[in-house]
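Visitor: Sequence order for the protein chains is A and B.
Residues in the first sequence are numbered from 1 upward in steps of one, following the working numbering.
Residues in the second sequence are numbered from 1 upward in steps of one, following the working numbering.
None of these hints come from the bench; they were simulated from the model.
Computed from a predicted model, the values in this text were never measured in an experiment.
Cβ coordinates follow ideal geometry from the N, Cα and C atoms, glycine included.
Treat the hints with caution; some may be incorrect.
[Stated by the list, open to error] If you want a taste of the chain A side facing chain B, the calculated C-beta under 7 Å gives, among others:
#1 23
#2 25
#3 30
#4 41
#5 45
#6 49
#7 51
#8 65
#9 77
[Stated by the list, open to error] Partial chain B-side listing against chain A, Cβ under 10 Å, derived:
#10 11
#11 26
#12 27
#13 29
#14 32
#15 37
#16 43
#17 46
#18 47
#19 57
#20 60
#21 74
For reference, the chains in residue letters:
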Amino acid sequence: MDPYSSSSSSSGLSPQLSTEDFMDQVKVQLAQAYAEEFLETVRAKCFDKCITKPGSSLSGSESSCVSRCVERYIEATGIISKALFRSSS
Amino acid sequence: MDPSKMNSAELQQFLNEEKQKAMVNEMVAKLTNVCWDKCITGTPGSKFSSSETTCLTNCAQRYLDMSMIIMKRFQSMH
Chain A
1 MDPYSSSSSS
11 SGLSPQLSTE
21 DFMDQVKVQL
31 AQAYAEEFLE
41 TVRAKCFDKC
51 ITKPGSSLSG
61 SESSCVSRCV
71 ERYIEATGII
81 SKALFRSSS
Chain B
1 MDPSKMNSAE
11 LQQFLNEEKQ
21 KAMVNEMVAK
31 LTNVCWDKCI
41 TGTPGSKFSS
51 SETTCLTNCA
61 QRYLDMSMII
71 MKRFQSMH
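All chains, please: the whole structure from these sequences, using the hints.
Guide: Structure representation (structure tokens):
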């Protein structure tokens, strides 16, 4: 008997999709959703910080501010994560 | 282990674990968003100052403390 058909009927998945494939898809889609949300937040934050008076083009100082801002936001995410899980008293 | 032999209980456990991870990520993202606004007041530099780093750490931990107070307050309402 085909092992996939029994597993898919017990887990209620479509016959073409193995459990392993399904779990991979869940992980990929969650990671994509997280990345999209993160990018959107960084865009909003760094636009606020660095493009204070939008001109006819992006200036050099604005672009370098954006680069630093993105790096700092990633760093801030790490600091917050550590603060939450290091001493959750 | 042959993944195709996983039963629905194991699948359920996998989904619960992923849900937990997603909630943790969500919490970190939310707090970073809030604490960034509170602590990073100037233009982002090439390094965080020590006061910015401390502020971010305190901000996250105090948010947790506050959450506990609010939760207790609401629990005592009925």
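Visitor: Taking 10 Å as the limit, does the beta-carbon of residue 60 of chain B come near enough to a beta-carbon in chain A?
Guide: holds, 4 Å
Visitor: Residue 32 of chain B was flagged as interface toward chain A. Is the shortest Cβ-Cβ separation under 10 Å?
Guide: holds, 5 Å
Visitor: Was the hint right that residue 25 of chain A lines chain B, CB cutoff 7 Å?
Guide: With Cβ-Cβ at 11 Å, over 7 Å, it is violated.
Visitor: Using 10 Å as the Cβ threshold, decide whether residue 74 of chain B counts as touching chain A.
Guide: violated, 21 Å
Visitor: Let me know if the C-beta of residue 37 of chain B comes in closer than 10 Å to any C-beta of chain A, holds or violated.
Guide: Check passed: Cβ of residue 37 of chain B comes within 8 Å of chain A, closer than 10 Å.
Visitor: Per the CB criterion, is residue 43 of chain B less than 10 Å away from chain A?
Guide: Residue 43 of chain B check passes; min Cβ-Cβ to chain A is 6 Å, inside 10 Å.
Visitor: Does residue 47 of chain B pass the interface check with chain A, least Cβ-Cβ distance below 10 Å?
Guide: Cβ of residue 47 of chain B sits 8 Å from chain A, so the hint holds.
Visitor: Does the interface hint hold: is residue 65 of chain A within less than 7 Å of chain B, judged Cβ to Cβ?
Guide: This hint holds: residue 65 of chain A lies near chain B, its Cβ roughly 6 Å from the closest one there, short of 7 Å.
Visitor: Return the status of the interface hint for residue 46 of chain B: holds when the least beta-carbon distance to chain A is below 10 Å, violated otherwise.
Guide: holds, 6 Å
Visitor: Given residue 29 of chain B as an interface hint, is the shortest Cβ-Cβ distance to chain A below 10 Å?
Guide: For residue 29 of chain B, the interface hint holds, since the closest Cβ of chain A sits about 7 Å away, which is under 10 Å.
Visitor: Hint check: is the beta carbon of residue 77 of chain A less than 7 Å from a beta carbon of chain B?
Guide: holds, 5 Å
Visitor: Hint residue 49 of chain A vs chain B: min CB-CB distance below 7 Å?
Guide: Interface hint status for residue 49 of chain A: holds (6 Å vs cutoff 7 Å).
Violated hints, in rising order: 2, 7 and 21; the structure is consistent with all others.
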